[in-house]
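Number of protein chains: 2
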Amino acid sequence: MEFHFPAAPESCFLSAMTLYFDDASPGMVFTSGTHRMELARIKAFAAEFDPQPFHVDEAAAKNSFFGGLVASGWHTAAASMRLLIETLPLADGIVGSGVEIAWLKPVRPGDILQVRCEITKVTPSASRPDRGSVTIRSETLNQHGEVVQIFTSTAVLSRRPV
Amino acid sequence: MEFHFPAAPESCFLSAMTLYFDDASPGMVFTSGTHRMELARIKAFAAEFDPQPFHVDEAAAKNSFFGGLVASGWHTAAASMRLLIETLPLADGIVGSGVEIAWLKPVRPGDILQVRCEITKVTPSASRPDRGSVTIRSETLNQHGEVVQIFTSTAVLSRRPV
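Heads up: the sequence lines are chains A and B, in that order. Here this note's numbering is used: the first residue of the first sequence is 68, the next is one more, and so on. Here this note's numbering is used: the first residue of the second sequence is 68, the next is one more, and so on.
Keep in mind that a hint or two might mislead.
The list makes no distinction among identical chains, and a pair is therefore deemed to hold if it is satisfied within one copy or across any two copies.
[Said to hold, decoys possible] In silico SDA-like cross-links for lysine to any residue, where the CA-CA straight-line distance does not exceed 25 Å: (1) 172 with 126; (2) 110 with 223; (3) 188 with 167; (4) 110 with 181; (5) 110 with 221; (6) 188 with 84; (7) 172 with 89; (8) 188 with 165; (9) 129 with 84; (10) 129 with 103; (11) 110 with 100; (12) 188 with 94; (13) 172 with 192; (14) 188 with 169; (15) 110 with 162; (16) 188 with 219; (17) 172 with 202; (18) 172 with 183; (19) 172 with 103; (20) 172 with 219; (21) 172 with 225; (22) 172 with 195; (23) 129 with 86; (24) 172 with 197; (25) 129 with 165.
The hints are simulated quantities; they were obtained by calculation from the structure and are not laboratory data.
Just chain A, same shape as in the assembly (with noise of 0.2 Å):
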């Protein structure tokens, strides 16, 4: 099952369903829209967060390792969290209690990403009925469709109430 979702607009968050616990089945895959990375974000946000000298300064970083400026690690993780958060509609909000992170590709100034989710594994909870576990694994994407970044958490997801 894919579900493919255009970028909402930067001051709303719609959701076109609401997905529960008895709704997910591993498989179930969820495509984002776009968000391209720009450079005065890229060192703002560095500047407050990362402020190395390969993710805000340009001529420092064309002789670094990256070779030109590069996006904060952490920066390309918050974006990718935002396109994630419009597309997979679990019913109590994306709630992880962990992730595992794996940069694959630096994200440089203009580079456009979207996110690719798959819920990989449904887990009802042993202790709670009403309640279950569903891990997800989410791929973000550059406009080359090289894979920049992979994470994978697991959510606590409600089942439907009756």
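Following the hints, put chain B in place on chain A, whose structure we already have.
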């Protein structure tokens, strides 16, 4: 070996030393300065990257699982990265190919975060004699000394130039 750093001023990043692979050993601990999580910044970060009701709307948050407004885990992670950057003076910067994050407790407006980071493993490169990798376990504590987040990452580190 323990190192303590005061919080750096917002506008500049000063490092008192540079840590090369030769200097790193398991058990080295670095403690950061502090960062206060302001209500307005929590809401603005979430509005941009994680616009779920319990991160952006105080009234809705009261009726949520969290019983009040909480910071996005991605905001806590990014703020922790900033504290880590100010604290851990790796010669090549902190560039990880991935990270594992556990969020253990909610972070609320006014909470004061501090990072305690330990080098847990030091591995010479098998193929490149000029470098190695270090595994870092970084705990983020609140003002009550409770661990709110743990992240574990591995970074590449150069040997001291001869």
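Against the structure, the hints come out as follows:
Taking identical chains as interchangeable, the C-alpha atoms of residue 172 and residue 126 lie at most 25 Å apart only when both belong to the same chain, with a minimum of 21 Å there against 40 Å between chains. For the homomeric pair residue 110 and residue 223, the shortest alpha-carbon distance between copies (23 Å) is at most 25 Å, but the shortest distance inside one copy (34 Å) is not. In this assembly of identical chains, residue 188 and residue 167 lie within 25 Å of each other by CA distance both inside one copy and across copies; the values are 15 Å within and 19 Å between. For a Cα distance limit of 25 Å, the shortest separation of residue 110 from residue 181 qualifies both inside one copy, at 20 Å, and across copies, at 24 Å.
Within a single copy, residue 110 and residue 221 get their C-alpha atoms only as close as 31 Å, which misses the 25 Å cut-off; across copies the closest is 24 Å, which meets it. In this homomeric assembly, residue 188 and residue 84 come within 25 Å of each other (Cα to Cα) only inside a single copy, at 20 Å, whereas the closest approach across copies is 46 Å. Taking the shortest Cα distances, residue 172 and residue 89 never come within 25 Å of each other, neither inside one copy (36 Å) nor across copies (28 Å). Proximity of residue 188 to residue 165 under the C-alpha cut-off of 25 Å is found in both arrangements, the shortest distances being 16 Å within a copy and 22 Å between copies.
In the homo-oligomer, the alpha carbons of residue 129 and residue 84 lie at most 25 Å apart only across protomers (24 Å), although the nearest pairing inside one protomer, at 45 Å, exceeds that limit. For a Cα distance limit of 25 Å, the shortest separation of residue 129 from residue 103 inside one copy, 22 Å, qualifies, whereas the shortest one across copies, 34 Å, does not. Both within a single protomer and between protomers do residue 110 and residue 100 lie at most 25 Å apart by alpha-carbon distance, with minima of 23 Å and 23 Å respectively. Taking the shortest Cα distances, residue 188 and residue 94 sit within 25 Å of each other inside one copy (8 Å), while across copies they are farther apart (37 Å).
With identical chains, the CA atoms of residue 172 and residue 192 are at most 25 Å apart between copies only, with a shortest distance of 21 Å across copies and 36 Å within one. For a Cα distance limit of 25 Å, the shortest separation of residue 188 from residue 169 qualifies both inside one copy, at 19 Å, and across copies, at 19 Å. Proximity of residue 110 to residue 162 under the C-alpha cut-off of 25 Å is restricted to the inter-copy arrangement: shortest distance 16 Å between copies versus 28 Å within a copy. Both within a single protomer and between protomers do residue 188 and residue 219 lie at most 25 Å apart by alpha-carbon distance, with minima of 11 Å and 24 Å respectively.
Both within a single protomer and between protomers do residue 172 and residue 202 lie at most 25 Å apart by alpha-carbon distance, with minima of 24 Å and 20 Å respectively. In this assembly of identical chains, residue 172 and residue 183 lie within 25 Å of each other by CA distance solely inside one copy; the values are 16 Å within and 28 Å between copies. Taking the shortest Cα distances, residue 172 and residue 103 sit within 25 Å of each other inside one copy (16 Å), while across copies they are farther apart (32 Å). Proximity of residue 172 to residue 219 under the C-alpha cut-off of 25 Å is found in both arrangements, the shortest distances being 17 Å within a copy and 20 Å between copies.
In the homo-oligomer, the alpha carbons of residue 172 and residue 225 lie at most 25 Å apart only across protomers (21 Å), although the nearest pairing inside one protomer, at 35 Å, exceeds that limit. When the C-alpha separation of residue 172 and residue 195 is checked against a cutoff of 25 Å, the pair qualifies only between copies, where the shortest distance is 21 Å, while the shortest distance within a copy is 40 Å. With identical chains, the CA atoms of residue 129 and residue 86 are at most 25 Å apart between copies only, with a shortest distance of 23 Å across copies and 45 Å within one. Taking the shortest alpha-carbon separations for residue 172 and residue 197, only the inter-copy value of 23 Å comes in at or below 25 Å, while the best intra-copy value is 40 Å.
Taking identical chains as interchangeable, the C-alpha atoms of residue 129 and residue 165 lie at most 25 Å apart only when they sit on different chains, with a minimum of 23 Å there against 34 Å within one chain.
Of the numbered hints stated above, the single one contradicted by the structure is hint 7.
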